Each structure stands twice: as structure tokens, then as C-alpha cells.
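All chains, please: the whole structure from these sequences, using the hints.
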Amino acid sequence: MMKNRVFCCTLLWVFVLMGCSSDDNEPNDNQHEDYYFHFKEDGVQVSYEYQPETQVNLTGSILFDSGTNTNIASIAGMENIFESGTKNRLTIFLSDSDAIATSVRYTNVEDEGDVNPNSVFLMGYYDGQGNLYSAALNPGPKALYELATISFTEITNTQISGTFSGTLLWYDVSGGTTELLDSVVISEGMFSVPRY
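In terms of mature numbering (1 follows the signal peptide of the UniProt record, and there is no 0), the sequence shown is residues -19 to -1, 1 to 177.
Don't read these hints as lab results, they were simulated from the structure. Do not rely on the hints blindly, as some may be mistaken.
[Stated by the list, open to error] Result set (DMTMM-like, lysine to aspartate or glutamate): computed pairs, CA atoms no more than 20 Å apart in a straight line: (1) K21 to E60; (2) K21 to D108; (3) K123 to E93.
Every value quoted in this text rests on a predicted model; they were computed, and no experiment measured them.
Laid out in C-alpha cells, this is it:
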């Protein structure tokens, strides 16, 4: 009887230890390491590290909106979503009647890329001081925005990857006029974010 108890306890202990062991090849662990959001702001490297334990600071989605009959892509990289004020974040939003595809250079300026979305193109960047720099489709004959681009290199059910760049402008529109205050060059942008 005592031997059976010792054997059962030992066997139970082995099962517990086996259940607690970690597997370095687990896909979720490796996939988290694959998420990143990097770019250069006027030549200075900026990186937003993925922080899944505390926040969803890197994210992306690609979906079809049946209400507007458009395909929508949204990519966001943020240093810290809990930071007071809106700072240190870059978002890209585009909407087009055609499906969002890989190996296509989407741009806000007509004839400067493969596709000029027929609905929305917006790239916005809040710098460390909370100033909003942006690039969008130019709505009229006077160009308000400079060239910005995004290309998707991989779109899966769990991940969206690609590259981006652009010259983003900071406008003051508070006085009833549009006044250019500053610009920032975003270059060598690369992202791989979880798809939600």
C-alpha cells in the first residue's frame, strides 16, 4: 500500500513537472518576437516595441465595410497607450473600393504610386511634444499634403507587415486659415503588427 502511494505521488509529480515545462518553439512566443514598428523621424531612429503583457500598442486591421462598400486598412504603432496626452504614435488609414493587396504601393498623391485610394489615405504622426503631422489625399487643385506611401508585404489572418514613408506636415487651422507650421520626414518605416 505504501509503495502504491509513493508511486502514485511520484507519477503525479512527474506529470506536474512535465505540464509546467516551457517549449521554446511555441508559435505564440515566436510570433510576439516578430512584431515591430520602426521608422526614422528626420533621420533619427524611432522604435515602438511590442508590449502584449501590458497594452496593445501595435495593431492592424484589414476589413470590408459593407455600409460604404469599401476595403479598409488601419495600422497603428504607439510607444505607450497609457501616456498622458497624445504623443509618440503613428497611424495609417486607407480605404479603397478594391481589395487591399500586397506588393502595391499606396500613396496620397496621384500618379506617384501604384494606387491612389479612391476614398481615404491618411498618415498621422504625433511627435514627442504632441504635435500632429499628417499627409492625406489632396482634395482640391491646391496641394495641401506632400507624398506619403505604404506597401503591404504580408497579410495573414494573424499579422500584417509592410513599409511606409512620407513627408508629413503640421498645420495650424485654429485661426480660420491653414498655416503650415512645420514638417517631418518619415523614412525607412517598417512594421509587422498583430491583426485584429
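Here is what the structure says about each hint:
| no. | hint | in the structure |
| --- | --- | --- |
| 1 | K21 to E60 | holds (14 Å) |
| 2 | K21 to D108 | holds (12 Å) |
| 3 | K123 to E93 | holds (17 Å) |
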